[in-house]
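Asker: Sequence:
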Amino acid sequence: MDVSSTVWIVTCVVIAGLFVFDFFAHVRVPHAPSLKESGSWSAVYIGIAILFGFFVWWQWGATYGGEYFAGYVTEKALSVDNLFVFVIIMSKFAVPKEYQQKVLLLGIVMALVLRGLFIAVGAAAINAYAWVFYLFGAFLIYTAIKLVRESDDPVDHEEQRETRLERFVKRRLRTTDDYDRDKLFTRVNGKRMATPMLMVLIVIGFTDILFALDSIPAIYGLTQEPYLVFTANAFALMGLRQLYFLLGGLLDRLVYLSYGLSFILAFIGVKLVLHALHENTLPFINGGEHVSVPEVSTPVSLGVIVLTLVITTVASLMSSKNRTQSESSGT
1 MDVSSTVWIV TCVVIAGLFV FDFFAHVRVP HAPSLKESGS WSAVYIGIAI
51 LFGFFVWWQW GATYGGEYFA GYVTEKALSV DNLFVFVIIM SKFAVPKEYQ
101 QKVLLLGIVM ALVLRGLFIA VGAAAINAYA WVFYLFGAFL IYTAIKLVRE
151 SDDPVDHEEQ RETRLERFVK RRLRTTDDYD RDKLFTRVNG KRMATPMLMV
201 LIVIGFTDIL FALDSIPAIY GLTQEPYLVF TANAFALMGL RQLYFLLGGL
251 LDRLVYLSYG LSFILAFIGV KLVLHALHEN TLPFINGGEH VSVPEVSTPV
301 SLGVIVLTLV ITTVASLMSS KNRTQSESSG T
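The sequence shown maps to residues 1 to 331 in our numbering.
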């Protein structure tokens, strides 16, 4: 896939421009967005992502277009799971609803910057060492198992991580428990203190690093093109703020989402291992020769990912509906 430096620059400028527009049009003035505002702008950003996918398809062919869509759907699904963590963080720190937009947008920008660094490192590692795919695959399978184990009580596991980080930060910063609008620092009795808003951003930034560790190997299992990896991540993160307010209580009803995502991560992990075997250069595996194993095509990957998400969502909503009906009949 031949992507010129001009295309890279134009793409980065457009994406940055969309985030700047989002800030000045919706976030600069603190307010709690309505469902109509959240729904319409979520649709706009999803539409932009789809149009970009068709542009990739037209410009570089169906293979790369399919890889982009597979990566975008996977990253979007992982982002929805991330929203559940954001809900926990916002609730724990009691962030006023009118200021949540700013926190989310800054967190999303931090996530994109961090993922950009991970993408660059990942691309360099893949170009230099083919055996990196073994590491990516093993890490995704481990993450899938870990996700299933923590699905029993994700709130408790997430709060434990946040508490440890919060204690670490408070030992190094003077903090206050009171918000001062959306300021990161304020003055209390003449002393400069960090507000809970700064603590929330630090926790979200740390969480973004953990998210990137999962998402970047996952998408490199679907495409090895850095341009597609970056744009799929950028467009998946774009509109995530609106989706947070749009989904609201629906996140609690997606009870099987973690299981679906763990299956997708495990599937991509196996795909990466198969690819690593196919490109094998390690001397202690088949004498350093390529291993003849089947490889999973992009259409099959996209089909498995979409089907898993559909089944997971339908099963979750049906289970939540049955549980609500049981509770209603019990009362």
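Take these hints with a grain of salt, some might be off.
Stated by the list, open to error - In silico DSS-like cross-links for lysine-lysine, where the CA-CA straight-line distance does not exceed 27 Å:
1. 321 to 76
2. 102 to 183
3. 76 to 36
4. 76 to 97
Said to hold, decoys possible - What follows is a set of in silico ranges between Cβ atoms, one per label pair, in the way DEER data are often shown:
5. 321 to 6: 45 to 53 Å
6. 58 to 281: 33 to 41 Å
7. 9 to 127: 33 to 41 Å
8. 30 to 148: 23 to 31 Å
9. 321 to 23: 18 to 26 Å
The hints are simulated quantities; they were obtained by calculation from the structure and are not laboratory data.
Small disclaimer: the values here were computed from a predicted structure and weren't measured.
Using N, Cα and C, we set each Cβ at its ideal position, and we do this for glycine too.
Asker: May I ask you to test the hint 33 to 41 Å on the CB atoms belonging to residue 9 and residue 127?
Answerer: violated (21 Å)
Asker: Using the C-beta atoms of residue 321 and residue 6, is the stated range 45 to 53 Å upheld?
Answerer: holds (51 Å)
Asker: Going straight from one Cα to the other, do residue 321 and residue 76 come out at no more than 27 Å?
Answerer: Holds. Residue 321 to residue 76 sits at ~25 Å (cutoff 27 Å).
Asker: With respect to the beta-carbon atoms only, verify the hint that residue 321 and residue 23 lie 18 to 26 Å apart.
Answerer: This hint is violated: roughly 38 Å between Cβ atoms.
Asker: Starting from the range 23 to 31 Å, see whether the pair residue 30 and residue 148 falls in it by beta-carbon distance.
Answerer: violated (39 Å)
Asker: Does the alpha-carbon distance linking residue 76 and residue 36 stay inside the 27 Å limit?
Answerer: Judged against 27 Å, a Cα distance of about 21 Å means the pair holds.
Asker: Holds or violated: 33 to 41 Å for the Cβ distance of residue 58 and residue 281?
Answerer: 35 Å Cβ-Cβ, so the 33 to 41 Å window holds.
Asker: Holds or violated: residue 102 and residue 183, Cα atoms, limit 27 Å.
Answerer: Holds, at about 11 Å.
Asker: Assess, step by step, whether the Cα of residue 76 is no farther than 27 Å from the Cα of residue 97, and give holds or violated.
Answerer: holds (24 Å)
Hint violations for this structure: numbers 7, 8 and 9, all remaining hints satisfied.
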